[in-house]
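The listed protein sequences correspond, in order, to chains A and B. Using our numbering, you'd call the opening residue of the first sequence number 170 and step up by one each time. Using our numbering, you'd call the opening residue of the second sequence number 170 and step up by one each time.
Honestly, the hints are just simulated from the structure, not real lab data. Computed from a prediction, not measured in an experiment: that's the story for all the values here. The beta-carbon is built from N, C-alpha and C at its ideal position, and this holds for glycine as well. Be careful, since some hints might not be right.
[As the list claims (entries may be wrong)] Per label pair, the in silico range of CB-to-CB distance: (1) B:His268 x A:Asn173: 17 to 25 Å; (2) A:Lys301 x B:Arg290: 16 to 24 Å; (3) A:Val291 x B:Ser269: 37 to 45 Å; (4) A:Arg257 x B:Asp251: 21 to 29 Å.
[To be verified] Pulled a few chain B residues facing chain A out of the computed Cβ check, cut under 7 Å: (5) Arg256; (6) Val271; (7) Gln276; (8) Val283; (9) Ala298; (10) Glu301; (11) Phe302; (12) Ala307; (13) Ser308; (14) Pro310; (15) His311.
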Amino acid sequence: MSLNGTQILLVEDNQNDLDLTLHALKKENLANHILVARDGEEALDFLFCRGAYSDHSFDHPPRLVLLDLKLPKVTGLEVLQKVKSDPRTKAIPIIVLTSSKEDRDLVNSYNYGCNSYIQKPVSFAEFRETVKHLGLYWLVVNQPLPTKPAKEMSESCHE
Amino acid sequence: MKHASEILLVDDNPADLDLTSDVLTENRCVQHISTVPDGVEAIAFLQRQGKYAAAARPDLVLLDLNLPRKDGRTVLSEVKADPELRRMPVVIFSTSEAHSDVGASYQLGANSYVHKPGNLRDYVSAVKAIGEFWFRCASLPHKEPL
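Next up, chain A with everything else stripped away, as it sits in the complex:
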């Protein structure tokens, strides 16, 4: 898969949660073109087309970012803040997908501009149902970010 064909960027460090999410996405046939980032820094590298992802282009943002909040190196809230305060990345839909039950995380995430916030249900059956609705809404119903017109395509990313 080319980096520019990524549909979903899944940012998750917990192996068990990662397996569950990938399994649920696969069951709903939503598992194509997923890129997994294991910490906040890797997520930022991908979204800002730098480091190991310098071949990735700002012209091909992922259709959706599923972001955990408790992440090593750079936290999910910091990732959210950086992405949503930069005009190059602000429009990328970010859905916080977390097991946090803290009201402060919920309110801060919306204040920092997350597109939506989902508390991971505890049971796998409910989690699958949630992933199904999430996938249907964000990959089918919601209008994707328009890709840039050809004249701007030559400007790829330079950090």
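Given chain A, work out where chain B should sit, using these hints.
Chain B only, in chain A's frame:
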């Protein structure tokens, strides 16, 4: 169902307001639906001005773009610039599929953009999907500051 269930519909087309309200009510996604016909009323409602002093603060706003008096883009940017209102999710629901409208709405901080279909069947499924995702799947922020 999550705790939240107040929605504000902003649309100048009374038939669209009726249909959207009916679908949301039938699906029992929301408990209370308020409607306003233009952008000036939308801001007055959200900021609880004048006759809206006692208005409930909605959990979600469904906003048309082309509105009389103050258009949807201006309403969106005013909501997202207001520290008391900015956390409130705003879903654009517009007949426009123009890339310029979609792109500009996301840049202004729209939480989601759903194309308003022209035929009844697709319209009903779009509204159902909005209700199900936002009120059954997502967690919505608190209406009042913590």
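Taking each numbered hint in turn, which are not upheld by the structure, reported in ascending numerical order?
none
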